[in-house]
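Listed in order, the protein sequences are those of chains A and B.
Mapping of the first sequence onto the numbering used here: position 69 corresponds to residue 69, and the numbering continues sequentially without gaps.
Mapping of the second sequence onto the numbering used here: position 31 corresponds to residue 31, and the numbering continues sequentially without gaps.
None of these hints come from the bench; they were simulated from the model.
Take these hints with a grain of salt, some might be off.
Mimicking DSBU-like on lysine-lysine, the simulated pairs with C-alpha atoms at most 30 Å apart in a straight line are [said to hold, decoys possible]: (1) B:Lys-35 - A:Lys-73; (2) B:Lys-55 - A:Lys-84; (3) B:Lys-35 - B:Lys-68; (4) A:Lys-84 - B:Lys-4; (5) A:Lys-220 - A:Lys-193; (6) B:Lys-35 - A:Lys-199; (7) A:Lys-18 - B:Lys-17; (8) A:Lys-27 - A:Lys-73.
It should be emphasised that the depicted structure is a prediction, and the values quoted were computed from it without experimental measurement.
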Amino acid sequence: MNYLNNEQLAIVRKYVVKSGARNITLKNELVDHIASKIEELMVVNHNFHEAFDKITNQFSSEQIERIVQNRSKIRQPLKRKKAKVFSSIAASICLMLFALAVFASNKPNISPIPSMKTSVGSHYNQLIGAYTFDISENLDICATAAGRVTYVRNFLNDGTIHYVVRIDHQGDYQTIYSNLNELTVSKNTLVKKEQVIGKINQCSGDKPAYFVYKILKSGKALKAEPQH
Amino acid sequence: MYSKELIKGTLQTIILKLLSDRDRMYGYEITQHVKEITAGKILLTEGALYPSLHKLEAEGVLKTETVKVGNRVRKYYSLTPVGSEKATLKIDEWVDFIATMRHLISPNLSSI
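The task is simple: from the sequences and hints, build the whole structure.
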């Protein structure tokens with residue numbers, strides 16, 4: 001059996017598209033169907049145009065329209081279902097990212113001083129299980145994670161008042177900031193990560209301030225995760 | 001030729017049965033095959049066949065592949081694993097239904 005040529009197929013395609021089948025998959029399927037029927041008639045002494053007319057009388061534009069409508073009815077719930085699945089996956093991802101962000105903001109790291117990294121001016125003192133900083137300029141001290149201030153005490157050191165602050169964080173973490181000269185929080189203050197909690201403002205180049213920062217996990221001293 | 005209503009109720013079973021006997025078939029091939037084996041008693045119209053094929057495809061009962069034939073593309077249908085199970089169930093159901101109908105229409109007196 002000879003297949004329809006490109007010119008004949010173009011006529012069939014035009015008929016199918018004109019009847020409403022614009023989707024490429026459906027269009028190809030219906031073109032193949034009509035072409036197959038025409039080819040069969042052409043075997044038994046019909047020319048293309050006679051066969052085309054006969055077939056399109058049987059397989060009318062109205063029938064094609066109904067197939068198109070039925071197909072769109074089937075596809076629409078499927079698209080909605082896909083959209084629903086996609087939106088629930090997206091919601092899960094957002095929730096995970098949010099949880100990670102919350103977890104990250106509640107997990108202390110070693111940077112109570114803005115822009116200071118672990119390697120700069122700090123030293124981990126094994127004996128007291130804390131980081132010590134020699135600070136030679138006035139600085140703001142920040143909470144290293146979100147949490148609640150649960151302890152504030154002042155003490156006298158070298159004739160000036162110093163403060164110690166403890167913040168409780170989620171995950172049974174605590175951070176302690178000692179030797180502050182000034183406080184900007186009080187007991188029970190809820191603090192955000194990197195919120196200023198106090199200041200060191202009584203140091204000079206020849207007499208650096210000695211700031212202590214300690215992290216506890218379930219009551220035990222912990223070395224903080226360094227920032228890079 | 002049987003009535004539209006009767007064919008409508010059996011169309012899915014016909015498609016599933018044919019595809020369970022063959023690797024794959026395309027739409028026109030299905031219409032021709034049904035016409036031949038039923039001696040023209042069942043004639044599937046395009047308006048009935050394609051919506052059924054598309055529905056079964058959307059439900060994951062059928063999968064499709066396209067092959068270039070001459071200067072055009074042909075879409076073949078075949079059963080998915082789910083489709084094979086569905087075909088078995090549908091065919092069994094119809095065999096049982098036909099037996100029930102036969103009994104209903106001309107009851108075997110010995111079973112009364």
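Review point. Going back to the hint list, which numbers does this structure go against?
Key: Checked against the structure, the hints that fail are numbers 4, 6, 7, while the rest are satisfied.
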